[in-house]
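*Asks:* Can you build the whole structure from these sequences, using the hints too?
There are 2 protein chains.
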Amino acid sequence: MRRAREEQRTCVGPHLDTSSIEALEHTPVTPPTPRPRERGIPEATVARLPVYLRALQALNASGTPTISSEGLATAAGVNSAKLRKDLSYLGSYGTRGVGYDVEYLIYQISRELGLTKDWTVAIVGIGNLGRALANYGGFGTRGFRIAALLDADTAVVGREVAGLSVRHIDTLEEAVKMEKVSIGVIATPAAAAQGVCDRFVEAGVTSVLNFAPVVLNVPPGVDVRKVDLSIELQILAFHEQRKNGGHGRPGWIEAAEGL
Amino acid sequence: MRRAREEQRTCVGPHLDTSSIEALEHTPVTPPTPRPRERGIPEATVARLPVYLRALQALNASGTPTISSEGLATAAGVNSAKLRKDLSYLGSYGTRGVGYDVEYLIYQISRELGLTKDWTVAIVGIGNLGRALANYGGFGTRGFRIAALLDADTAVVGREVAGLSVRHIDTLEEAVKMEKVSIGVIATPAAAAQGVCDRFVEAGVTSVLNFAPVVLNVPPGVDVRKVDLSIELQILAFHEQRKNGGHGRPGWIEAAEGL
DNA sequence: CTGTGTGAAATTTTTCACAGCG
DNA sequence: CGCTGTGAAAAATTTCACACAG
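So the sequences go chain by chain: A and B.
So the first sequence is residues 1 to 259, counted in the UniProt record's numbering.
So the second sequence is residues 1 to 259, counted in the UniProt record's numbering.
One thing to keep in mind: the hints can contain errors.
Because identical chains share one entry, a pair is satisfied inside a single copy or across any pair of copies.
Heads up, simulated SDA-like pairs for lysine to any residue below, C-alpha to C-alpha not over 20 Å straight-line [to be verified]:
{"#": "1", "residue 1": "180", "residue 2": "170"}
{"#": "2", "residue 1": "243", "residue 2": "221"}
{"#": "3", "residue 1": "82", "residue 2": "43"}
{"#": "4", "residue 1": "82", "residue 2": "94"}
{"#": "5", "residue 1": "82", "residue 2": "44"}
{"#": "6", "residue 1": "117", "residue 2": "170"}
{"#": "7", "residue 1": "117", "residue 2": "242"}
{"#": "8", "residue 1": "180", "residue 2": "68"}
{"#": "9", "residue 1": "243", "residue 2": "90"}
{"#": "10", "residue 1": "82", "residue 2": "46"}
{"#": "11", "residue 1": "117", "residue 2": "145"}
{"#": "12", "residue 1": "177", "residue 2": "69"}
{"#": "13", "residue 1": "177", "residue 2": "243"}
Treat the hints as calculated values from the structure; they're not laboratory data.
*Replies:* Here is the structure:
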């Protein structure tokens, strides 16, 4: 019922890039396979489920047994109408006049997101960012297992990070197969990202989380999500500019008009 | 003309959270000031401008003088109709029958995003992630200047990171005022994030980029953007689950030739 | 009575498709 | 002629508002 259009290749959510700069001179890259995705949940809702999940886990940790849509919405930073609509896509898991059972809803959302399975992750690029990711304990609290860390720098290879020994990038294919990696994380410099991505894809990985500031080019069927620090900053800058005509905090009388 | 509704507090873009879990038991937090934002450019477009900008900079670096909407769209991973529509909000900067002048368009987008001004950034939480951010040279290539690094850990305070001496968190207010910080970046553990945010806001910062896995509660007029690693992973997991019923790679290793 | 679940309305975003400029 | 710029149509998302279940 929803989603029948094609959006470039197979991408999901906001900020998902796919093509590479070099592809520019070549093929129009108009993929013939939109992959309809007939199943129900809207993308916008999927993107919020993890937020609800985290709020619920906090609630659960603090011993709250049930929560109203209003309360959960506040905790998640959305309005209650949106929350109820989102949850309604999963099913009717609330109790009218009462609210939602926190634990039950945690279970349902986790199941929907596929977190009852264990996803194996490989991180390529063990610089500061890669290390931060590797050490990020709460990688979904559960559901994700970091199985391999890889880097091209021989000074890093062999070093122990987050309890794992960093492998050489040359063993990527082997690592993917041995560990059954399903999600590849790219935390390399921009120049290396596409190459790493290609190798991930070649090895059979169909989900990639990209931290490098490049648009990755992937074949249909592969999902790429991108996290881009400078893009987020630029968006903030745009709004900041709109708020007070220039730099500084409000209250700063910076005659920075024009330029 | 566009945007008249209110969406929680003053937030921008996807994944922007605001309230905190504790607020849950208290006030409905319904701000009376929606801040209309009558000015033109759609939020969805703003979020893509940085992507176009980066693609253009790559083009420029490779010596390409002009580019068609088709070419730029491919480089940016969107379709050309969307690209043209987006650019049309900025003005008519293209030449029919030809395309866009790369340098000129770079200038126009930069100006629109407010990158011709310099934004001053302070990062709180100098763990692996904070260090990664501090060292991330291409913080927008330009437009952003990291002016202060702060941490609560006395073992880190005083250490030099990315050419800056890490200050103690107690000097946050002072640092914000002295350096005229306009964007605060939070890379602390979840538990500390709201407190740091409150101090940023109190000190006059109205734009916050949050890497901590919590929903921040801010007053109206303050923009919060959130980058959340585990949320991105969970979204990928959802789609991965949809693709092949379980873990592992799909059997159809129909890789792309690439290079 | 309270608060969920939901059709329907409103808004935003994307896509189409084509007039017309260079 | 090719490619931009853009009204108009289509699709997706958000919000409203209320019937009704517990």
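*Asks:* Are the hints correct? Go through all of them and say.
*Replies:* Evaluated hints:
1. In the homo-oligomer, the alpha carbons of residue 180 and residue 170 lie at most 20 Å apart inside one protomer (17 Å), although the nearest pairing across protomers, at 46 Å, exceeds that limit.
2. Taking the shortest alpha-carbon separations for residue 243 and residue 221, only the inter-copy value of 8 Å comes in at or below 20 Å, while the best intra-copy value is 41 Å.
3. Both within a single protomer and between protomers do residue 82 and residue 43 lie at most 20 Å apart by alpha-carbon distance, with minima of 13 Å and 19 Å respectively.
4. When the C-alpha separation of residue 82 and residue 94 is checked against a cutoff of 20 Å, the pair qualifies only within one copy, where the shortest distance is 15 Å, while the shortest distance between copies is 39 Å.
5. In the homo-oligomer, the alpha carbons of residue 82 and residue 44 lie at most 20 Å apart both inside one protomer (10 Å) and across protomers (19 Å), since each shortest distance falls under that limit.
6. Taking the shortest Cα distances, residue 117 and residue 170 never come within 20 Å of each other, neither inside one copy (28 Å) nor across copies (43 Å).
7. Proximity of residue 117 and residue 242 under a CA criterion of 20 Å is satisfied inter-copy only: 12 Å between copies versus 44 Å inside one chain copy.
8. For the identical chains of this complex, residue 180 and residue 68 are neighbours neither inside a copy (40 Å) nor across copies (42 Å), given an alpha-carbon limit of 20 Å.
9. In this assembly of identical chains, residue 243 and residue 90 lie within 20 Å of each other by CA distance solely across copies; the values are 18 Å between and 38 Å within a copy.
10. Taking identical chains as interchangeable, the C-alpha atoms of residue 82 and residue 46 lie at most 20 Å apart only when both belong to the same chain, with a minimum of 12 Å there against 23 Å between chains.
11. In this assembly of identical chains, the alpha carbons of residue 117 and residue 145 lie at most 20 Å apart only when taken from the same copy (10 Å versus 42 Å across copies).
12. Proximity of residue 177 and residue 69 under a CA criterion of 20 Å is satisfied in neither setting, with 43 Å inside one chain copy and 40 Å between copies.
13. In this assembly of identical chains, the alpha carbons of residue 177 and residue 243 lie at most 20 Å apart only when taken from different copies (18 Å versus 51 Å within one copy).
Of the numbered hints given earlier, the model fails hints 6, 8 and 12; all others are met.
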